[in-house]
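Participant: Please arrange chain G with the ligands on chain Z, whose structure you already have, making use of the hints.
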Amino acid sequence: MLEKLRHQIYQCSRCGFCRVWEWEGVENVCPTYPFTPGWESQYARGRVRLARATMEGEVEITPAMLEHAYQCTLCRNCEEHCPVEVPLGEIFHAWRVDLAAAGHNLPVHRQIAENVAVHHSLYGPRGGRKGAEASEPRKVSVLYFPGCTTIRKARRVVKATADLLGKLGVDYAVLEEDACCGYPLYETGMVSQAKEAADWSLERIKRYDPDIILTTCPSCYRVLRFIYPDEMGIQHGVEVLHVSQYLPDLVAGKLGELDLRVTWHDPCVLGRHLGMYDEPRHLLRLVPGLELVEMYSSRENAQCCGAGGGVMAAFDAISGGVAEDRLQQAVACEAAVIATSCPACYVNFQRTIGKAGLDMQVKDLVEILNEAIP
Amino acid sequence: MDKKYVFDRLAEIVGPEHVTDEPFILLTYTQDFGTQPPMWPSFVVRPGTTEEVAEILKLANELRIPVSPRGGGSAQEGGCQSDGGIVLETLRMDKILDIDEDTGTVTVEAGITFVKLMDVLEQRGWKIGIAPSGAMAGTPGAHIARPGVGWGNIKYVTQGDQVVGLKAVLPTGDIVSTGSAGNPNSDSFFRYCLGPDLAGLFIGSEGAYGVITEATLRMYPWPEKIYLERYIGHNLRDAIDIFREIALNNLVCYISVPVIKPDMILFDVNVEGDAVEVDHRLERIRAIVRKYPGIEFKGPEGPSRFWERRWFNTGEEFKDGIAGAVNYFLPFEKLEEATYAMRAIMDRHGIQKYAQQMFPEPMGSEHVSLMFHHPGDKEEYAKIQRALPEMMDKALSMGGCPYSKGRQWAPHLEKHLGNTGYWRTLKAIKKALDPNNIMNPGVVGL
Ligand code: SF4
Ligand code: SF4
Numbered sequence: 028m029l030e031k032l033r034h035q036i037y038q039c040s041r042c043g044f045c046r047v048w049e050w051e052g053v054e055n056v057c058p059t060y061p062f063t064p065g066w067e068s069q070y071a072r073g074r075v076r077l078a079r080a081t082m083e084g085e086v087e088i089t090p091a092m093l094e095h096a097y098q099c100t101l102c103r104n105c106e107e108h109c110p111v112e113v114p115l116g117e118i119f120h121a122w123r124v125d126l127a128a129a130g131h132n133l134p135v136h137r138q139i140a141e142n143v144a145v146h147h148s149l150y151g152p153r154g155g156r157k158g159a160e161a162s163e164p165r166k167v168s169v170l171y172f173p174g175c176t177t178i179r180k181a182r183r184v185v186k187a188t189a190d191l192l193g194k195l196g197v198d199y200a201v202l203e204e205d206a207c208c209g210y211p212l213y214e215t216g217m218v219s220q221a222k223e224a225a226d227w228s229l230e231r232i233k234r235y236d237p238d239i240i241l242t243t244c245p246s247c248y249r250v251l252r253f254i255y256p257d258e259m260g261i262q263h264g265v266e267v268l269h270v271s272q273y274l275p276d277l278v279a280g281k282l283g284e285l286d287l288r289v290t291w292h293d294p295c296v297l298g299r300h301l302g303m304y305d306e307p308r309h310l311l312r313l314v315p316g317l318e319l320v321e322m323y324s325s326r327e328n329a330q331c332c333g334a335g336g337g338v339m340a341a342f343d344a345i346s347g348g349v350a351e352d353r354l355q356q357a358v359a360c361e362a363a364v365i366a367t368s369c370p371a372c373y374v375n376f377q378r379t380i381g382k383a384g385l386d387m388q389v390k391d392l393v394e395i396l397n398e399a400i401p
Numbered sequence: 010m011d012k013k014y015v016f017d018r019l020a021e022i023v024g025p026e027h028v029t030d031e032p033f034i035l036l037t038y039t040q041d042f043g044t045q046p047p048m049w050p051s052f053v054v055r056p057g058t059t060e061e062v063a064e065i066l067k068l069a070n071e072l073r074i075p076v077s078p079r080g081g082g083s084a085q086e087g088g089c090q091s092d093g094g095i096v097l098e099t100l101r102m103d104k105i106l107d108i109d110e111d112t113g114t115v116t117v118e119a120g121i122t123f124v125k126l127m128d129v130l131e132q133r134g135w136k137i138g139i140a141p142s143g144a145m146a147g148t149p150g151a152h153i154a155r156p157g158v159g160w161g162n163i164k165y166v167t168q169g170d171q172v173v174g175l176k177a178v179l180p181t182g183d184i185v186s187t188g189s190a191g192n193p194n195s196d197s198f199f200r201y202c203l204g205p206d207l208a209g210l211f212i213g214s215e216g217a218y219g220v221i222t223e224a225t226l227r228m229y230p231w232p233e234k235i236y237l238e239r240y241i242g243h244n245l246r247d248a249i250d251i252f253r254e255i256a257l258n259n260l261v262c263y264i265s266v267p268v269i270k271p272d273m274i275l276f277d278v279n280v281e282g283d284a285v286e287v288d289h290r291l292e293r294i295r296a297i298v299r300k301y302p303g304i305e306f307k308g309p310e311g312p313s314r315f316w317e318r319r320w321f322n323t324g325e326e327f328k329d330g331i332a333g334a335v336n337y338f339l340p341f342e343k344l345e346e347a348t349y350a351m352r353a354i355m356d357r358h359g360i361q362k363y364a365q366q367m368f369p370e371p372m373g374s375e376h377v378s379l380m381f382h383h384p385g386d387k388e389e390y391a392k393i394q395r396a397l398p399e400m401m402d403k404a405l406s407m408g409g410c411p412y413s414k415g416r417q418w419a420p421h422l423e424k425h426l427g428n429t430g431y432w433r434t435l436k437a438i439k440k441a442l443d444p445n446n447i448m449n450p451g452v453v454g455l
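Read top to bottom, the protein sequences are chains Z and G. Oh and the first sequence: position 308 is 335 in our numbering, straight run, nothing missing. Oh and the second sequence: position 65 is 74 in our numbering, straight run, nothing missing.
Rather than coming from a laboratory, the hints here were simulated on the basis of the structure. Each residue gets a CB set at the ideal place from its N, CA and C atoms; glycine is no exception.
Cross-link-like lysine-lysine pairs, in silico, PhoX-like; alpha carbons within 25 Å at most: (1) G:LYS436 <-> G:LYS424; (2) Z:LYS31 <-> G:LYS328; (3) G:LYS362 <-> G:LYS387; (4) G:LYS300 <-> G:LYS270; (5) G:LYS234 <-> G:LYS136; (6) G:LYS387 <-> Z:LYS31.
From chain G, some residues computed to sit far from chain Z (all C-beta separations above 12 Å): (7) GLY169; (8) GLY308; (9) LYS392; (10) GLN394; (11) GLU399; (12) LYS424; (13) ASN428; (14) ILE438.
Bound-form chain Z, shown alone (with noise of 0.2 Å):
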């Protein structure tokens, strides 16, 4: 993978711009670099080069070389900011495939393949929650696909979800199963188990015959909407929506007053991979007497929450502290609300207001929404 990026790899100048800026709406480039020891391998510049040491086999790899590989939450915040362009994103995926298939993993990453493959979540087993298996499949217009994280801990954005889907009249059904869409194994590397990923997640969607895969997750919409058809071969032929893009012409008008002041933060999927910062704004601007006020990073400077990557089952402290950084955005533009359409981040920041004692709420867009239809 990385041999094919050969000329972008090279194409780094070693400006070294990419670490802080504290500038122009942007603190560190690299989110991770200050919760980190801070050597030169922790941000990009340092690792475009090991990425290309690894491609030319002149360094060994080592399980702290792997840290320093994986501490990168793939927020691309990097990549916006390189003055020469590289495609860092693309480079810091390719390198992990790369070691990936040299048999190099975190062993968290491997385990959660592992749970994956056999329970069909990076979680593993349901444990007490068996009851909530799937309901009987039928043909449905919207098969609402939560995935992993948001059914095992975003449980709230699922009922939300329902909630909303119910209230809008939809013809809709929640894939209330355990299935993996693959994107955690896709983005650490392990690209033949997202593959086997999603071929078993979609033999339980097309169940259905939906015609719209609804997802509140930018991952799940970005491995099912792009990555299958691109990078791994499968045509499934069903059209993918993210909420943000499905829900605007549905709930015009049905909005009832919530009085909130609410930030958005974008999440680096949706924001930096998929360019959609306009989409959940439109929305929120929506809701009447809800007042939404920009962090001091946002949009394509947005900091990214620090789960991402796979960082946060791998990097605990780091993505607690990465999270704390951006909530202090929030409570400094003096938000109610940080609101958010990704389970990731949303289970990063619930985690961290609680420990750090913060004065705030996390919301899913969907949440919001479904507050605001009475």
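Facilitator: Showing chain G with the ligands alone in chain Z's frame:
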């Protein structure tokens, strides 16, 4: 060297998380932003305080291990490389220690980035004089040690001229405060007092005489108006005459000449001050320009757009690759000859992508040649490596004086200057301060 022993001693000083001998990390410290061949250090250490720096240098002195200080790693002459020694990275020392609105000075730790410093000052209505073009990664410690130039270099000259005082650690571990701070009862507010100007010893020494850990720089009220406009000329001699006249009359904050081609010279002027002053200066500048036929007025839009995102935009130049750089000062009267001479060498070596630039100073100009290439392109790299020594040699024989020397200029400086009192004095100071030659050996030629 017993590496385990050295590691443990360094870890005792800075804590084990701030020292490394991991080969994969060392690899990322083998080069800077330029084209010098990689050098592998044995350790990288990241101290958090001046006292830790002092302890590191005492240890290095005791064990005779070379130490190379490094800031953002964004210089181009290999000054922060180390062959088997310790790279001492200052980036943990990134605090603003004091913004003193009484004396108009700001005191910072060596490893803060310029952009962060400037952003904080701007929010409080202040600015520093000299902003390096690599401000996004560059640090005051390194910029003073080179010593750097940058935007502002007609009005404010060089970073060295902005220094009010330094705190530096000598190779033996002693800590020196220069200027007024040499008096233990005083802060840093005046440079030329008490005794000889010790700050000058470290400005331009590239770490050969010690490690700068703190700097006090002058700051200035943010000007009421900043105005830029662009011109394009077609005759190099005329353009240089314009630069001289503007510079000698001190009419601008800076002139930037990012493009010098055989038939085209593009230059921007930046004027700052109160509104009346700016308008008056502009009138005088335009009157100077009008004396020369064929200069096109291109207006304020282009340079203003650049200025808005200046820190970022400077990096875009390197879309063409990493640059082998030959940068030096010359008086105005030699700039034309130098431009042709450098161009001739680059053309003779078949360098495919190069840029010639000037950034005038009050007494002459920085003359810049950048040879771009992608580091994977071995053929182009080899051509650049052949051209570089010829260009440096030629520059020095024309009377050119580099500011950032690193390892790239060292042999050439020694060749041209070696038999002078200046060189003997540099060596004598080096010997007195650094008897075991541990401080960044090889830079400058020391
Ligand atoms: S900003 Fe881009 S070119 Fe500069 S060091 Fe980072 S990756 Fe390389
Ligand atoms: S993708 Fe994000 S976390 Fe990874 S190196 Fe770039 S800025 Fe840092």
